[in-house]
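Knowing the structure of chain C, use the given hints to seat chain P on it.
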Amino acid sequence: MLRAGLCVFFCILFFPFVAAAEIPLKKASFLPQWSPQAQFAGYYVAYEKGFYKNHGIDLTILQGDPDRPPLLLLTEGKTDFASSWLSTGLRWRSSGHKIINVCQMVQRSALMLVAKKSHHITTPRDMEGKKVSLWGDEFQIQPRAFFKKYDLNVKIVPQSFSVNLFLRDGVDVASATWYNEYHTIINSGINPDELTTFFFHEHDLNFPEDGIYTLEESFKRDPSLVCAFVKASIEGWVYAFSHLEEALDIVLRFIQQAKLPANRTHQKWMLNRMKELTSFSDPPGSMGMLQQADCQKVSLVLKESGLIERKPDYESFFVWCGKDVEK
Amino acid sequence: MRESRTMNPFSCGAARMWRNRGIAFKLILSASVSSGLIFLLIFGLHYYSSLKIIVKDIEANAQSLALSKANTIEAVLSSTQKIPETLACFLENASYNKEEILSLLREIVEKNPEICGSTVAFEASPFEGKSYGFAPFFYKDNEKIAFSDLSQESDGYFNTDWYQIPKELGRPQWSEPYYTGGGSKILMATYSVPFYRAVKGESQFMGVVTADISLEWLQNVVASIKVLQTGYGILISKNGTLVTHPLKEVIMNETLFGLAEERGDAKLREIGRKMLRGESGFVPFQSRGAEERYWVYYTPIRSSGWALAVLFPRNELLADINRLTWIVAILGIIGLSLLSIGLTIVARSITKPLTTMAGATQEIARGNLDVDLPLPRSGDEAGVLLSAFRSMKESLRDYIQRLTETTASKERIESELKIAHDIQMSILPKIFPPFPDREEFDIYAMIHPAREVGGDFYDFFLIDHDHLCFVIGDVSGKGVPASLFMAVTKTLIKATSSKGVAPGEILTRVNRELSQGNEASMFATIFCGILDTSTGETLYANGGHNYPLILREGKEAIWLKGDNGLVVGGMENATYQTGQTILHPGESIFLYTDGVTEAMNEKEEFFSDNRLRTKISLFEGHPPKEVISGMAEEIARFSQNMPQADDMAMMMIRFFGKG
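For the protein sequence lines, the chains are C and P, in the order given.
Take the first sequence: its letters are residues 0 to 326, numbered as in numbering that gives the first Met the number 0.
Take the second sequence: its letters are residues 0 to 658, numbered as in numbering that gives the first Met the number 0.
Isolated chain P, as found in the complex:
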């Protein structure tokens, strides 16, 4: 785990960086990036589809333009072809003489404006007086018809392309375009038709009929192809020679393949080869080293084996869509910027109160509740949060103020209660041993109020030399009212007890006193006993109090169960009986309040009478002080962390007897 963390510190760091960034940053970045991506996607798709549509359009346009031009050229060429073809047909089938041939040829040149010259070149002269071929040639020369016999020229005509190629191929042929000799320099092409005659059942080659046409019209047709500013058409011959081209110096001087070689452009060469193969096609094309990019549509001119290509300037054709693309792109960027600005404003409106509140919270945490909070300016979640925060701060301040006041008054009460506690404790005899000169008995008592002041009490005093009165009681309720009631009860008991008054009588009187005007309906359980310190005789009365334990040496402790009267202070007319028991020397009486037996542990179990009797036996023979301290420890151990629920008081008197 540790390793993987150290191995990839960056991603971890990046993730942390991202986590620690503000909401505004995250919001703007993620929104901008995602909307930017969406924009790019839509933009790209739009551009691509528009381009596709436009290219499709251009292809259709290019095709129709190229085909219409090719058809125009084709129409002229094929109408021209008919003339020598017809003448060849005549020469193959009819009989003729020299004069007829001459007049036919002259007529052809005269009557066909597109034909500049025509000849019938014979392989061998069919007429007498000629031993070496015969080729009468009529041609237009400055609007006149001129004549020459080609067989009279120095190197003859048998080796010329216009004669030899149709002869060897056995079919009509268009020659490569060529310039006429002389100063006029007119671009021409010759259509040659071979003709035959059956000699002894075999078809024998007789010669060639030709028609020469000027190609100026063709150059004009192709030159008229103008696509926008920079688009143009080119025509190449069967050898790839450029018959028309915007660059004058390459016309008839360079082939498309030569151009490709010069530019080191293999693609151009491939296009040229496809054109000469008679294919049609639409391809993107960029001449090497040249800036312009084109789409080229090429189509063949079937009758002559030439090919026409139309170049559509890409940049010009795409100018509109490119402009539109730019506009869309700029709009997109503006939109994204606006979006970012909007997001920034919104994010600020969220984060500003948050930041303020974060600062305020820290101030509040330090205790400064007077920190200023801005007023909420909007009703959105941030505004609601801010106003909630404001009212929380106000409530908190009020609360703390009230708390301070309450605490102050509580402290005052507590200090008063402390004083009350001290007073209460002070009315209980607390000096042990209380009668150091008396050896017949030992007495010890202890009290633990559950609160500062409690309702439990004990008391002991000598009525006369031989009579010790002892009392333990438990006032209903706790706290101040109980303590006051306890003080009254204790005083009443002490006041009532006098020589010869039995404990039952004491309780009866005290009850009567307490019951009168007891508007608070308070009462107390009281055990009151009088020990005759000389005999061990003990008179007692029990006003609803827990049974005391009589502890005997070497014997089990027993409950002192006598007549158990009503609680004291409950009914005015109640009377209490006096019981009697004898404490033998060494025996003790152990008194306690219900806070002892009802002490609870964490399992909510009571300390209980049984546990009291069992535990107290552990301290057999110990002086009362040790027994009570030991029992207090036992109870504390039993209840452990549980808070003391009720007042707790214990008193023990051991009787030793007289000497």
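If we strip away everything but chain C, and leave its shape as in the complex, we get:
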């Protein structure tokens, strides 16, 4: 008994030194596509809780900036890992960039259209001829496919990063993400029952969103680093979802470090929505797995929209570390 206790004691005492001594940490960097918020909670939590270090990575989380597309910085070699939407990833891949998706964190599209019931919009048909504000680029793919699907002629107005135009009735319909703008609208005093929501995933336009990307060559050079990063990140997310308040504390700390306004209520809402978006249909153990059907669907819509010429090959685009681990 005493001997066993001593053994445990010495193991605990010396293990970190042993680990540090035997396996030197590999340096790596990660770039989220936006400034710190609960949308990336899993990464911040994994970082703070030392999961990356446990997997042998000395990680640097770069400051996301809407003006710096993560995949551009990835291809330029300014970051080792980047977070990006699947549609963006497929477009970059299709345009010849050797990037690969190693983890599809957000499985369900959070993008949506929101309308006020006071504007008499309760079905997609009611949008005919209405003013709709849309963000640029990737954010327009699903709405445009949606309008096409329902054969709608709408007046598109560019949307800024705020929802003020919508709140002041400058447009009838606005773009929103479920974890962010929708909550902003609710917390500007509009009740959920006064709104009509159109979730794209409910209209057969589910575009999985945030995923982890790296360069094909990086993976070839050191697959263990890539897989360690993915594993640690998933661990971070799992921990964040089971320790919401602690995860929020961590996220808020990162927000404050970035000198941005930190709003716990909003981040809490966001983290809860991320939990639903990442794990709504996962079979156990397949968190982060890009489903082939989802990939095909997004590729198809992109091709139909003329945004890509050929559909990237699923097998070469998505590299699932879980498979290697099993082998």
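Keep in mind that the hints were calculated from the coordinates and are not lab data.
Hints may contain errors.
[As the list claims (entries may be wrong)] Examples of chain C residues toward chain P, derived with CB under 7 Å:
| no. | residue |
| --- | --- |
| 1 | Pro157 |
| 2 | Ser159 |
| 3 | Arg167 |
| 4 | Gly169 |
| 5 | Pro191 |
| 6 | Gln255 |
| 7 | Gln256 |
| 8 | Ala257 |
| 9 | Asn262 |
| 10 | Thr264 |
The structure presented is a predicted model; accordingly, all values stated were derived computationally and were not measured.
C-beta: ideal position from N, C-alpha, C; glycine also.
Just chain P, lined up with the frame of chain C:
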């Protein structure tokens, strides 16, 4: 009935408990409870009305405070609005060139201290050499006027709220408050006015004129709202963002609705929605999880769509009335206690004599009249009762003492009377048969005095061998005097009767004797007869006495009515005649006093002569003893429970004749 009693034992028991409680307890309890209720009612009403008045006051105060602050803000905002509105009007109507615009803008920023920056942002550049918009922006930078062209910035201005919202809405708009970039972090808001120009008859959107103002003054205005120690004001923007708040960390970082969500406070959210709808109102408010309760007055700032709320701290505002309430409550409790004490004293003063008297009464009931009673200490009802009780006790004691004495003397008299009775009875012949050797007649007599001694008498004696004298009499009055008179009369008669003296003569003499010196004016009725035992001849004289009955075998009894003289002893000179009748063998003479015929029953009917004659016939042929006993029973049966009112005497002589 029995069931209902058993079914509800409690109420019955409670009622009994209440009934059996002392007066003091009932008095104190009922008085305390009723005055307590009255006190509570008055107290509650007073508190409620005071509260109503105070709340009304507070509402008025809150309203005037909030409105005056809102008006101050409104005044600054609307004066600021005029500047870009005027410029927009100029741009819509006048012709201008680039230089004019630039100098106008610089002048606006220079000459209006409240304006920090101003721009005219064109949808398309109206001047040559520009292909993509045009937005010259003058702004204050460390007391200097700086310039930049917003169209040169990377993402342009077409997607900005300050440009896009007035454009899409087609009317001037205040932006949401925002912080300027850079280190200074000044809270700003922008007023944007769209301007148009008629092109081919159609109004075409040309661009937006803006004026930026610092909101520091506004924060100061709201921050200056201080109500007592903890009251404050808040300002929210059109989106509900908290522009001012005592909590620094929520300013510009949280909306009122976010705060409501964090606290799970639906009421706060509802207040926020009303504020943004431009409503005014006065509502009580308590933030969830927070101790403080407030009254909130909210009012809109119409020009910008913002809203101002003033929070009045309830606890502080009600501190005075609460303190007063406490004082009143304590006074009330003290008053009630004093009332109870007073009542206890009064109740004691009532119940103490009562308790003493109850004890004394029991003692008295046991016969102890020497029990001590306290002296009455007050002149109230209890005192009066006590002194009455004392004098009752004294009287009772005296009375009982007198009664004892009287009883003793009465007993003595009674025993004397008993002796007198015995003496009286002893002077009457009472041995029957008195002449056992005489077979010619049988005689029997009986006397029942109404009291111990009576005035009736009878007598019989042989004057000589053949003459039996018999007498029955009734002295007026009863008791001792009558008995004495009777004794005298009887003795006189016996003394007077001698051989050869007729009954009339006897009565005449006796009358004379009795009348002399009869100061008491007493008299007697006397029937005196002398039977010749050999012949049955009977001489008699009647001095006012009842007629005797002659009983004949097989025939109806007849009254022996002869000369009826005056009562004996009434008049000195009265004479009495001697009558004569013959008793045939087997016939009897029945004599009696008026006590027999005047015996009364419960219906106040007399036994009467007739009933006497009828009843006596029932005993025809019976020996005198049986006749008299039988008649005595008849009379007793007739009068039943009625007490005997008069002396009663009966005598019967039956004549058998000689062999």
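Classify the hint on Pro191/C as holds or violated, based on whether any CB of chain P lies nearer than 7 Å to its CB. Since the shortest Cβ distance to chain P is 11 Å, the answer is violated.
Does the interface hint hold: is Asn262/C within less than 7 Å of chain P, judged Cβ to Cβ? holds, 5 Å
Report holds or violated for the interface hint on Gln256/C, using the least CB-CB distance to chain P and a cut-off of 7 Å. At 16 Å from the nearest chain P Cβ, Gln256/C fails the 7 Å test, so the hint is violated.
So, as I understand it, the hint says Ser159/C touches chain P; can you test that by seeing if any CB pair is closer than 7 Å? Constraint on Ser159/C satisfied, holds at 4 Å.
If you take the shortest Cβ to Cβ gap from Ala257/C to chain P, is it below 7 Å? At 14 Å from the nearest chain P Cβ, Ala257/C fails the 7 Å test, so the hint is violated.
May I ask you to test the interface hint for Thr264/C with respect to chain P, counting a Cβ-Cβ separation under 7 Å as satisfied? Cβ of Thr264/C sits 4 Å from chain P, so the hint holds.
Close enough to count: is the Cβ of Gly169/C nearer than 7 Å to one in chain P? holds, 4 Å
Hinted contact Gln255/C with chain P - closest CB pair below 7 Å: This interface hint is violated because 10 Å lies over the 7 Å limit.
When the nearest CB of chain P is found for Pro157/C, is that gap smaller than 7 Å? Holds - the Cβ of Pro157/C comes within 7 Å of chain P, reaching about 5 Å at its closest.
Chain P contact restraint for Arg167/C - C-beta distance below 7 Å: holds, 6 Å
Hints 5, 6, 7, 8 from the earlier list are contradicted by this structure; the remaining hints agree with it.
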